[in-house]
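Residue numbers (our numbering): 24 to 653.
Some hints could be false.
Said to hold, decoys possible - Capping the alpha-carbon separation at 35 angstroms, the derived lysine-lysine pairs in DSBU-like fashion look like this:
(1) Lys559 - Lys115
(2) Lys197 - Lys363
(3) Lys60 - Lys106
(4) Lys559 - Lys363
(5) Lys97 - Lys115
(6) Lys197 - Lys428
(7) Lys335 - Lys60
(8) Lys97 - Lys60
(9) Lys428 - Lys106
(10) Lys335 - Lys363
(11) Lys483 - Lys106
(12) Lys335 - Lys197
What the hints assert, rightly or not - Distance windows between CB atoms, simulated:
(13) Thr65 - Ile643: 25 to 31 angstroms
(14) Gln456 - Gln563: 41 to 47 angstroms
(15) Ile638 - Ser366: 48 to 54 angstroms
In short, the hints are calculated from the structure, not lab data. Ideal Cβ positions, reconstructed from N, Cα and C, are used throughout, including at glycine.
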Amino acid sequence: MKKKFIIILLAGLFSCDNYLDIVPDQTQQVDLLFERKEVAYTALATCYAYLPKNDGVYTSFMTMSDEITTPISKETDGVRIMKGQQSASNPKFGLWSGWSDQGSLWEGIRHCNILIENIHNVVDMTEEEMNSWAAEAKFLKAYYHFLLFTYYGPIPIVDENLPISASDNEVRVKRSTVDQSVDYIVQTIDDAILDLPVRELSSNDLGRIDQVIAKSIKSRVLLYAASPLFNGNSEMYSGFINEDGEHYFNQTYDQTKWDLAKDASLDAINAALENGVGLYEFSSTPPNYEDEYEESEFLRTLYDLKYTIVDKWNSELIWGNSNPVRDNDWWQMQAACMMKNPSASSVEAAWQWIAPTLRIAELFYTENGLPIDQDLTYDFQNRFNTATVGASQNYQAQYGTTTAKLNLNREPRFYSSLGFDRGYNRTWGNLWQLRMKKGEIHGRIANSDDYLITGYALKKLVHPDSEGDGYNKIVTYAWPMIRLSELYLNYAEAINESAGPNQEAYDALNAVRERAGISNVEDAWGNASISATLNKHTTQDGFREIIRQERLIELSFEGNRYNDIRRWKQAEQYFNSPVFGWSVDETSVGGYYNITQVGTRSFNSPRDYFHPISINEITINPNLTQNLGW
Numbered sequence: 024m025k026k027k028f029i030i031i032l033l034a035g036l037f038s039c040d041n042y043l044d045i046v047p048d049q050t051q052q053v054d055l056l057f058e059r060k061e062v063a064y065t066a067l068a069t070c071y072a073y074l075p076k077n078d079g080v081y082t083s084f085m086t087m088s089d090e091i092t093t094p095i096s097k098e099t100d101g102v103r104i105m106k107g108q109q110s111a112s113n114p115k116f117g118l119w120s121g122w123s124d125q126g127s128l129w130e131g132i133r134h135c136n137i138l139i140e141n142i143h144n145v146v147d148m149t150e151e152e153m154n155s156w157a158a159e160a161k162f163l164k165a166y167y168h169f170l171l172f173t174y175y176g177p178i179p180i181v182d183e184n185l186p187i188s189a190s191d192n193e194v195r196v197k198r199s200t201v202d203q204s205v206d207y208i209v210q211t212i213d214d215a216i217l218d219l220p221v222r223e224l225s226s227n228d229l230g231r232i233d234q235v236i237a238k239s240i241k242s243r244v245l246l247y248a249a250s251p252l253f254n255g256n257s258e259m260y261s262g263f264i265n266e267d268g269e270h271y272f273n274q275t276y277d278q279t280k281w282d283l284a285k286d287a288s289l290d291a292i293n294a295a296l297e298n299g300v301g302l303y304e305f306s307s308t309p310p311n312y313e314d315e316y317e318e319s320e321f322l323r324t325l326y327d328l329k330y331t332i333v334d335k336w337n338s339e340l341i342w343g344n345s346n347p348v349r350d351n352d353w354w355q356m357q358a359a360c361m362m363k364n365p366s367a368s369s370v371e372a373a374w375q376w377i378a379p380t381l382r383i384a385e386l387f388y389t390e391n392g393l394p395i396d397q398d399l400t401y402d403f404q405n406r407f408n409t410a411t412v413g414a415s416q417n418y419q420a421q422y423g424t425t426t427a428k429l430n431l432n433r434e435p436r437f438y439s440s441l442g443f444d445r446g447y448n449r450t451w452g453n454l455w456q457l458r459m460k461k462g463e464i465h466g467r468i469a470n471s472d473d474y475l476i477t478g479y480a481l482k483k484l485v486h487p488d489s490e491g492d493g494y495n496k497i498v499t500y501a502w503p504m505i506r507l508s509e510l511y512l513n514y515a516e517a518i519n520e521s522a523g524p525n526q527e528a529y530d531a532l533n534a535v536r537e538r539a540g541i542s543n544v545e546d547a548w549g550n551a552s553i554s555a556t557l558n559k560h561t562t563q564d565g566f567r568e569i570i571r572q573e574r575l576i577e578l579s580f581e582g583n584r585y586n587d588i589r590r591w592k593q594a595e596q597y598f599n600s601p602v603f604g605w606s607v608d609e610t611s612v613g614g615y616y617n618i619t620q621v622g623t624r625s626f627n628s629p630r631d632y633f634h635p636i637s638i639n640e641i642t643i644n645p646n647l648t649q650n651l652g653w
């Protein structure tokens, strides 16, 4: 195994025969697959190959929320879901049945079971190796069940592949309850942990499952299970029962589920810290155009934040997807996010049409670490008016130019994540001035459909060394499946929901805030001169709002927002409103800085809290119960 794991994964995905999908277990072909270690490795790679490609613009969960929008001609399935454009006859993001470059997760589970059932037949492997590979497959099987659970609710449990002799009734599996699904996922993860390596750090094996990864995902599973959508949800699902009269969703709220989430999060944090995981700090040499880097805490923080996501296999990354969209593929996420190089004659791979919404621009804190409507020093009522960029704001935007007040005096994560008119972009090997009115280099050119429909650009997911004059010049990185900052946020949320705010919860939240370059939660909310709601953090309800906003900011554009808002049962509030942006078809300052509606969102509750199972699947298996409303 001289090649890196990423290479082998790709080979497993794109060149592996399809016979695994159709040949029953215990046949000669399967026996041959597990004859030798080298061949069996392909089976393991195939198990990993079903991990969703969140770095692909048409397969990313990130596009499925109110974080971004696109021109109509560029709409992804994620955007169409948010517009209410899926049905049981035409589901989008079909993790259940598979679509496009994403195979059905049930196929992935089957591959995992095949490996688990056959790996001990390999003659040239040690018992420890066989147990470890089986544990990887067990975890992936649990993770695929969890993804299905997240998007479809209670699901069938497929712990073993059925033999070819199975009866029709055995094949027609039924959905389990929410609690049964969670118990199975957690127990399977726990079983896997027993035989997994503590931490996989070999350059040949980056992305392979280890105990730190497994414990971290367990934290997320239990956090979801404790959340309002899944914990005592009689409001929505009192009538959702199986043929035996059993409720799919537990009807009584269980406080102890938050205790389980809290304990799992702390266990994951400790495991991560003990094995070298830490919040990211940029330690490389900054580009030569950053003359003031050493003197400016703001600039240093920007680099910490910018590289947290894109620095390959950095210290904060607990689990990254080592099977990214290939370097020369046109549908890489970065291509749709990347802004043009003002000095380049060719910008083939800089599409600039993934546009953050105005709502997300308003989400980020002020420079004082408070929401823009809670900071007494921030001119919230006039935020959509324009202002001239002053000398003290020269790191935020171009000195002496005019931009929206909304774009000034914000926290560092705003500037590391979003591009805006008369702001900056640190990429293409230089510090570029953004010019985003119609006819300008980063604005809409004539009637092109490659434009930022809201007037905001997404910088967070673009590697600074990526160049847009060729897809092979885009620097790929392992998409962050989970990183340390999420564990801190999980822990803070679970503590607060379990018993209310305490110093442990503050410390967990403050770890994230400190790296973000803002003051700790006690100082921000406890300062009467800046906080409109003094000491909001000292009550459970107040601290809950603070934690949720911190989470939505810190994990923005990483594919978490859609699931977080759903599990909090707040989708009606966020996903049922128009989409706004600047007037990007205008050329003047006065015209451009007017708010305009650029799209719609539609969310039908409770139907849209879970995706539909395809009618074809229901026809094949009449024992499946369709989700409510579909």
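Verification of the hints:
1. Lys559 - Lys115: violated, 40 angstroms
2. Lys197 - Lys363: violated, 51 angstroms
3. Lys60 - Lys106: The hint is violated at about 48 angstroms.
4. Lys559 - Lys363: Violated. Lys559 to Lys363 sits at ~43 angstroms, over the 35 angstroms cutoff.
5. Lys97 - Lys115: This hinted pair holds, its Cα atoms lying about 15 angstroms apart.
6. Lys197 - Lys428: Violated, because 55 angstroms separates the two Cα atoms, which is more than 35 angstroms.
7. Lys335 - Lys60: Holds, at roughly 29 angstroms.
8. Lys97 - Lys60: Distance of about 44 angstroms is beyond 35 angstroms: violated.
9. Lys428 - Lys106: This hinted pair holds, its Cα atoms lying about 30 angstroms apart.
10. Lys335 - Lys363: Distance ~23 angstroms between Lys335 and Lys363 Cα, so the pair holds.
11. Lys483 - Lys106: It holds: about 25 angstroms lies between the C-alpha atoms, which stays within 35 angstroms.
12. Lys335 - Lys197: Roughly 42 angstroms separates the two Cα atoms, so the pair is violated.
13. Thr65 - Ile643: 25 to 31 angstroms: For Ile643 against Thr65, whose Cβ atoms are near 29 angstroms apart, the range 25 to 31 angstroms holds.
14. Gln456 - Gln563: 41 to 47 angstroms: For Gln456 and Gln563 the Cβ distance comes to about 46 angstroms; the hint holds.
15. Ile638 - Ser366: 48 to 54 angstroms: Check passed, 53 angstroms falls within 48 to 54 angstroms.
Checked against the numbered hints above, the structure violates hints 1, 2, 3, 4, 6, 8 and 12; every other hint is satisfied.
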